Amino acid sequence: MIFDVSALNLSNLIYVLRGIFWTLFLTFVSIGLGLILGSALAFGEVYLPPPFSYIFRIIGEVLRGVPLILLFLILYFAFNLGMTLSAILGLGLRSASYQGQIFRSSLEAISAGQLHAGLSLGMTKFQVFKEILVPQALRIMIPGWTNEFITVLKDTSIAFVLGVMDIMTRADFIARSIGRYFEIYIFIALVYFVLVKTSMSILNNLYERVRIPGLGEKR
Amino acid sequence: MSSFEIVLFKYKDFWLMGLKYTMLITVLSILIGIVLGLLFAIMRIYGNKFFKAVAVSYIDLIRGTPMIVQLFILYYGLGSTGLVKFTPLQAAIIGMGLNSGAYQAEYFRTAFLAIPTGQTEAALSLGFTRTGLIFNILLPQVVRIVLPSWTNELIALTQYSSLAMVLTVMELTAVSKYVGSKTFLYIQAFSLAGIIYLFVSVVLTRLMVYFENRLSIPGVSAQKLRI
Amino acid sequence: MKEVLRVENLKKSYHKNEVLKGVSFSINEGETKVIIGPSGGGKSTLLYCINYLQKPDSGEIYLDSELITPKNIYEARKKIGFVFQYFNLFMHLTALDNVMIGLIKVKKLPKDEALKIAKESLLLVGIKEDLWNHYPAQLSGGQQQRVAIARAIAMSPRIILFDEPTSALDVELIGEVLQAMKTLAENGMTMLIVTHELEFAKSVAHEIMFLESGVIVEKGTPQEIIEHPKSERLKKFLSKIAKGEE
Ligand SMILES: Nc1ncnc2c1ncn2[C@@H]1O[C@H](COP(=O)(O)OP(=O)(O)OP(=O)(O)O)[C@@H](O)[C@H]1O
Ligand SMILES: [Mg+2]
Numbered sequence: 001m002i003f004d005v006s007a008l009n010l011s012n013l014i015y016v017l018r019g020i021f022w023t024l025f026l027t028f029v030s031i032g033l034g035l036i037l038g039s040a041l042a043f044g045e046v047y048l049p050p051p052f053s054y055i056f057r058i059i060g061e062v063l064r065g066v067p068l069i070l071l072f073l074i075l076y077f078a079f080n081l082g083m084t085l086s087a088i089l090g091l092g093l094r095s096a097s098y099q100g101q102i103f104r105s106s107l108e109a110i111s112a113g114q115l116h117a118g119l120s121l122g123m124t125k126f127q128v129f130k131e132i133l134v135p136q137a138l139r140i141m142i143p144g145w146t147n148e149f150i151t152v153l154k155d156t157s158i159a160f161v162l163g164v165m166d167i168m169t170r171a172d173f174i175a176r177s178i179g180r181y182f183e184i185y186i187f188i189a190l191v192y193f194v195l196v197k198t199s200m201s202i203l204n205n206l207y208e209r210v211r212i213p214g215l216g217e218k219r
Numbered sequence: 001m002s003s004f005e006i007v008l009f010k011y012k013d014f015w016l017m018g019l020k021y022t023m024l025i026t027v028l029s030i031l032i033g034i035v036l037g038l039l040f041a042i043m044r045i046y047g048n049k050f051f052k053a054v055a056v057s058y059i060d061l062i063r064g065t066p067m068i069v070q071l072f073i074l075y076y077g078l079g080s081t082g083l084v085k086f087t088p089l090q091a092a093i094i095g096m097g098l099n100s101g102a103y104q105a106e107y108f109r110t111a112f113l114a115i116p117t118g119q120t121e122a123a124l125s126l127g128f129t130r131t132g133l134i135f136n137i138l139l140p141q142v143v144r145i146v147l148p149s150w151t152n153e154l155i156a157l158t159q160y161s162s163l164a165m166v167l168t169v170m171e172l173t174a175v176s177k178y179v180g181s182k183t184f185l186y187i188q189a190f191s192l193a194g195i196i197y198l199f200v201s202v203v204l205t206r207l208m209v210y211f212e213n214r215l216s217i218p219g220v221s222a223q224k225l226r227i
Numbered sequence: 001m002k003e004v005l006r007v008e009n010l011k012k013s014y015h016k017n018e019v020l021k022g023v024s025f026s027i028n029e030g031e032t033k034v035i036i037g038p039s040g041g042g043k044s045t046l047l048y049c050i051n052y053l054q055k056p057d058s059g060e061i062y063l064d065s066e067l068i069t070p071k072n073i074y075e076a077r078k079k080i081g082f083v084f085q086y087f088n089l090f091m092h093l094t095a096l097d098n099v100m101i102g103l104i105k106v107k108k109l110p111k112d113e114a115l116k117i118a119k120e121s122l123l124l125v126g127i128k129e130d131l132w133n134h135y136p137a138q139l140s141g142g143q144q145q146r147v148a149i150a151r152a153i154a155m156s157p158r159i160i161l162f163d164e165p166t167s168a169l170d171v172e173l174i175g176e177v178l179q180a181m182k183t184l185a186e187n188g189m190t191m192l193i194v195t196h197e198l199e200f201a202k203s204v205a206h207e208i209m210f211l212e213s214g215v216i217v218e219k220g221t222p223q224e225i226i227e228h229p230k231s232e233r234l235k236k237f238l239s240k241i242a243k244g245e246e
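Chains as they are written, first to last, in the UniProt record's numbering: chain A, 1 to 219; chain B, 1 to 227; chain C, 1 to 246.
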């Protein structure tokens, strides 16, 4: 039989689905880490004086230039970090390099004129940052950030090479132990698909709610 | 010999093999991706309801699931059903090609839609058929518009080709892990792999920029059309 | 008459490019002065230096006889309105909020008071209630610039600086902005305006200054400057404007 539905019995499904915790945990922690490190990276690149700004830029380029698996392996074998930590750091560092870019281009999309206008009203630099830059940058970021979220969510599956017990690893276990690969992998494909679509619609919804006409569009 | 030299020279043939597989997977899968991407984009824009639905579902399903799962379905999944039995290398190339096709379909679609509709009207008024319009008028422009996204796609595929490692293909990352485990010089082995990846990215980017310049037509570019 | 703004021997260079080479003038309460001059002559730089959006290299600027320094610049800016060539409205705020934000965040007024002032300011420049909740991207250029003017006047500044407020607008939208500025002039607002709208300058300006290559080459009443220019450079400039080249 090509597709044996009985392979997808309740206990197998539950075993796999329990991995959702790790899949989501890895996603959220890495995205959060990437957000913090990414904004640091962006600020370093934009505001630090030349020798330092280059260093930040090179860090970003390197993180974007090597495969995620290689990052995992380096953290795990070369730095002897545990598998969970390697997974989080690998996903988080890489995401930082992308979120940094998203953050930077959002800031750049805000015209210098608006900052001048804020200052000309008598706002302090901090007020300009808080009242004008941040509320706009955060909104402009959301679409790019949604893509990044989805990428990280899908790439958590690569932590499989480290053995983190996410849905991917659990699916692989079950598939091997019952000898039914096709059914199990199709099933987790669906699980990922549902996770991706759900997060997408939540994030798009959020964007629609805070979206402001014309914001971030070029003149 | 320094530890770095041991890693490099003693395992030179392994590194060359790794590089060969990495490049082979990347180049073949992007080519498959280009063909599929174009096909799905045209289906999605110009097709009837049925073709549109097929294209949309394909693009959605592929982009909504991780590549490693796709590779596993193709290799272990299909293999175990006895329908088709791919070698690991074939599975990697086909799987990544199918994956790339979905992403490239979106690049192509954006490019098609970026071309002002006036040109379509002009071509139809000259008596062009729809196929003639697509291949003679639109495609030459579309290719130039998507060129920059191929650079990104190439680099992304170079990195994702490391997933072939879990299908036991001895590409670069697999080689670096092998060399690391043989010599216990993990840092050196992984760094070397990293350097090769960065080098490949730089070379590919340069090459693509060269093509972009060679093929460029004033006014027909992603930048000019603001996409 | 009370002096509002005095600029003395203001100098500013960008690297080796000396853009302002010692500019001096003053403006009294209720006066409108217009600056004209060729592109690159330093008009924008002069205005930006007055409220330290660009830091002057040397010279003094007095607002109500008080020297402006980096220390009191935030206080000074509250009293100096600025209207930009490209409007520079805050893109994430509605027209009303654009006018209110300075009142609330800078002047720390309570919300209801800010709202009242904002509405009055918008009405004064002819922005009616139906547009108050529009975002900048949903307004025409002329409407945006009038909201920007309202944003400036809501702060009850001592003086407003205008940097070519109509040069980014389509011809048919220029009139409404000039009209709003005329209303301000009639209400006794003190204004320093960079503009090439000579008809407008004639009707509102107490004095016109011709700024070229960083120096005020000539100044006088609109009559003197426009009808009877003395220097060759001014004559040439005026004929260029007449041909629509500046
Ligand atoms: N931030 C800057 N950095 C370097 N040079 C500048 C800067 N701003 C202006 N300049 C230079 O200073 C000179 C005067 O510029 P400014 O914008 O003040 O002229 P302007 O009279 O306002 O001209 P326009 O009518 O075109 O607005 C120009 O040569 C310009 O290139
Ligand atoms: Mg100017």
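Because the hints were derived from the structure by calculation, they are not lab data.
Certain hints may be false.
[What the hints assert, rightly or not] If you only want the chain B side, here are some residues facing chain A, beta carbon under 7 Å, derived:
1) V69
2) F72
3) Y76
4) G77
5) L98
6) T151
7) N152
8) A156
9) K177
It should be emphasised that the depicted structure is a prediction, and the values quoted were computed from it without experimental measurement.
By construction, the Cβ of each residue, glycine as well, lies at the ideal position given by its N, Cα and C atoms.
Review point. Does L98 (chain B) pass the interface check with chain A, least Cβ-Cβ distance below 7 Å?
Key: Hint violated; L98 (chain B) Cβ to chain A Cβ min 13 Å, cut 7 Å.
- request: Answer holds if the nearest beta-carbon of chain A is closer than 7 Å to that of K177 (chain B); otherwise answer violated.
  value: holds, 6 Å
Let's test the interface hint: is any C-beta of chain A closer than 7 Å to that of T151 (chain B)? violated, 13 Å
_Restraint satisfaction for A156 (chain B) [CB to CB of chain A, less than 7 Å]_ = Since chain A brings no Cβ nearer than about 10 Å to A156 (chain B), farther than 7 Å, the hint is violated.
Please verify that hint: Y76 (chain B), Cβ, nearest Cβ of chain A, below 7 Å or not. Status holds, d = 4 Å.
Checklist entry - Would the stated hint for V69 (chain B) survive a check requiring a Cβ distance to chain A of less than 7 Å? => result holds, 5 Å
- Query: Against chain A, with CB atoms and a cut of 7 Å, does the hint on N152 (chain B) hold up?
  - Reply: Check failed: Cβ of N152 (chain B) comes no nearer than 10 Å to chain A, outside 7 Å.
**Request:** Would you check whether G77 (chain B) satisfies its interface hint, that is, whether its CB is within less than 7 Å of any CB in chain A?
**Result:** Holds - the Cβ of G77 (chain B) comes within 7 Å of chain A, reaching about 4 Å at its closest.
Legend entry - Evaluation of the interface hint that places F72 (chain B) against chain A, nearest CB under 7 Å: At 5 Å from the nearest chain A Cβ, F72 (chain B) passes the 7 Å test, so the hint holds.
Figure legend: structure checked against the earlier numbered hints; hints not met, in rising order: 5, 6, 7, 8.
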